[in-house]
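Residue numbers (our numbering), protein chains in the order written: chain P, 1 to 385; chain B, 1 to 385.
Every clue listed holds true.
Pairs of lysine to any residue residues, derived as SDA-like cross-links and limited to a Cα-Cα distance of at most 25 Å, are as follows:
{"id": "1", "chain 1": "P", "residue 1": "K354", "chain 2": "B", "residue 2": "H160"}
{"id": "2", "chain 1": "P", "residue 1": "K354", "chain 2": "B", "residue 2": "E362"}
{"id": "3", "chain 1": "B", "residue 1": "K354", "chain 2": "P", "residue 2": "Q71"}
{"id": "4", "chain 1": "B", "residue 1": "K354", "chain 2": "B", "residue 2": "R311"}
Ranges between beta-carbon positions, derived for each pair:
{"id": "5", "chain 1": "P", "residue 1": "Q319", "chain 2": "B", "residue 2": "A26", "range": "48 to 58 Å"}
{"id": "6", "chain 1": "B", "residue 1": "Q319", "chain 2": "P", "residue 2": "P72", "range": "22 to 32 Å"}
{"id": "7", "chain 1": "P", "residue 1": "D255", "chain 2": "B", "residue 2": "P84", "range": "48 to 58 Å"}
{"id": "8", "chain 1": "P", "residue 1": "R286", "chain 2": "B", "residue 2": "G256", "range": "54 to 64 Å"}
{"id": "9", "chain 1": "B", "residue 1": "A6", "chain 2": "P", "residue 2": "A238", "range": "50 to 60 Å"}
{"id": "10", "chain 1": "B", "residue 1": "G206", "chain 2": "P", "residue 2": "E383", "range": "25 to 35 Å"}
None of these hints come from the bench; they were simulated from the model. No residue lacks a Cβ here, since even glycine has one placed at the ideal position from N, Cα and C.
These are the residues of each chain, in order.
Protein chains: 2
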Amino acid sequence: MPEAAAQPRQTSITLADGRTLIYYGALPRRPADYPDRRQLTAVQVMAEARWDWLLGEWVVVASHRQDRTFQPADSQCPLCPSTPAHSTEIPAPEYEVVVFENRFPTLAGPAHADTGNQDGNARDSLAAPAGASQPASAASLLTARQAAGRCEVVCFSQDHAASFADLSLSQAGTVLSAWTDRSAQLGLLPGVEQVYCFENRGSEIGVTLPHPHGQIYAYPYVTPRTGRMLQSAASYRAETGGSLFDDLLAAELRDGARIVAAGGHWIALVPHAARWPYEVHLYPRRRVPSLPALDGAARAEFCELYRDLLRRFDRLFDQPAPYISAWHQAPVRREAADFALHLELFTIRRAPGKLKYLAGSESGMGAFANDVAPEAAARRLRELG
Amino acid sequence: MPEAAAQPRQTSITLADGRTLIYYGALPRRPADYPDRRQLTAVQVMAEARWDWLLGEWVVVASHRQDRTFQPADSQCPLCPSTPAHSTEIPAPEYEVVVFENRFPTLAGPAHADTGNQDGNARDSLAAPAGASQPASAASLLTARQAAGRCEVVCFSQDHAASFADLSLSQAGTVLSAWTDRSAQLGLLPGVEQVYCFENRGSEIGVTLPHPHGQIYAYPYVTPRTGRMLQSAASYRAETGGSLFDDLLAAELRDGARIVAAGGHWIALVPHAARWPYEVHLYPRRRVPSLPALDGAARAEFCELYRDLLRRFDRLFDQPAPYISAWHQAPVRREAADFALHLELFTIRRAPGKLKYLAGSESGMGAFANDVAPEAAARRLRELG
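Bound-form chain P, shown alone:
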């Protein structure tokens, strides 16, 4: 396995409405030659985090987002490079990988401090009010704070028709570098508790822009699923003295039935209690908390393995798989030594022409039912390799 290439060049510019954009890689050669010439007024962001006392979770209300760009014509794609005829979000006429702040963010601040919200301090991360030591009163049950944080867009390629599976290894490595860099940088922002890099792919998932891209959310709170994983790992540590993530990976390797691919640095497996028809989790063999802690060899192997898995997903039903790809990283401030960085990749397609929907049982009760046995899914994905 070759060592990863040196970190790609990165150049930061400011867009017309004050947002930051960063070019990763060799293109454009002279970024300063391409200022953003658009007339853009700053979007008024109205994002508020509300505490759901019944479920013990923050819910973000972002009512400015209803007017966001929705399935534009290809010629109007805001993620393509700019041309003389069409100015996009990316001022340059070419790029390798680019990251910029979302014009319609779910979370905003401290860069966008004047959001009109009443009682938030953009520099505070959000603790659970239920965990406060003082008893809650009925008067405080309608709890709202400013939903500070950051939402960024990551364009994987300037090629409108490409997908992550099509990228060269070098290009995939540049994307991984961008994810890694942004995870480190966003984790330093005041108030940010967790950085989440992910890709939604396919109109079946609700993607409104087909240009190959992902997103990064920097949340002002630890997300519900990550919070539960941390709690499980802590309970397990207290009861057994061991690491839940390590022991689960060891149990899966010993059993073997759900292993999809095993490299020198990564294991790809369908988890024993998979929720989705085809769901693969990628774990580095050496447990690390987050992307910046991966070493060069692991980074290089990831790019090969991940691209390979995406191609298998597309071969499942001989058409582009609608998928969600989710990087699970440890929170940046809370003690999380037992957390294991991993990627969860799943498609909602369960058969040709049939999708898995989150209907009454899942959306109403959080009770998942999976129609595809995880062992059968793993066998299928092995065969497609």
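Based on these hints, arrange chain B on the given structure of chain P.
Relative to chain P, chain B alone:
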């Protein structure tokens, strides 16, 4: 408000493959005249509950369901009354409301005990292995049990083209009686921990049969969302001495901004931390744990109010709203005195032609973002009344 009518007549028959069907109401006049004449082999049910150690939840793997009936032609609808030319799931040529066991259940047993699963006892409900007092070992991390329980179908009307909003008050009352009766009866089955009556409506939600119907799941475990609500209510009781459900309802009534309708017996409101574009929760003013505890006056008013709300949902975008309607009831065995029966109704349509998808943030991290302010949603729903 009139008292509810007397309980409707109910008659139980056995279908050709051994499943139970119950007619509620006056039709057919002589159920015994209509035996099920189909040749049906019993469906081999392979349902297994697997414990997700990372999230602390059971996930059901039901791999026999992939071949379930999928969007048949109207003439082949299995939920219409039988005709001489077409035998359906309902042998009679007419019915008011009917409930029967799902031929493709997610959960099965004890009625279907020979499921081929290895280590389950259909009469045991499933406790969380994480909560066991003995430390878990790595060897036990691939935890699976038989997913015992019951899945039933509730046909709201013999009219294929109707919807719940179209039902007469008397017909809606018969459905409510069926929900109530099944909640009581299924709660008595060994191993059942929670009974869940719900409706998925619309192909956008993934509904495969358009005939107006709902479902009832009798789970062998307390579902994740209900478990969290119970935990929140218990913490709140411990910290404040009060009832979280009562105090939340009082806070909403005092604030008023999200109240959609207030009857003598029910309050309909958009919750302060709503997750969905248009989401209404219906609470009885007098807190009860489950449907069988509702009194006659509350039952009668519910039918009027609920039908009214469904009609407002259909008027939101001048087309049938895709919705999920979910009855939250207390678990049947666990101590749950603080739980409040309520119905959560929500649509995934956020604008004409636009749906709310559970993409990367929601499905990956459990972090919800709502594009419609709950106050605006409540105002809109009030105006549509």
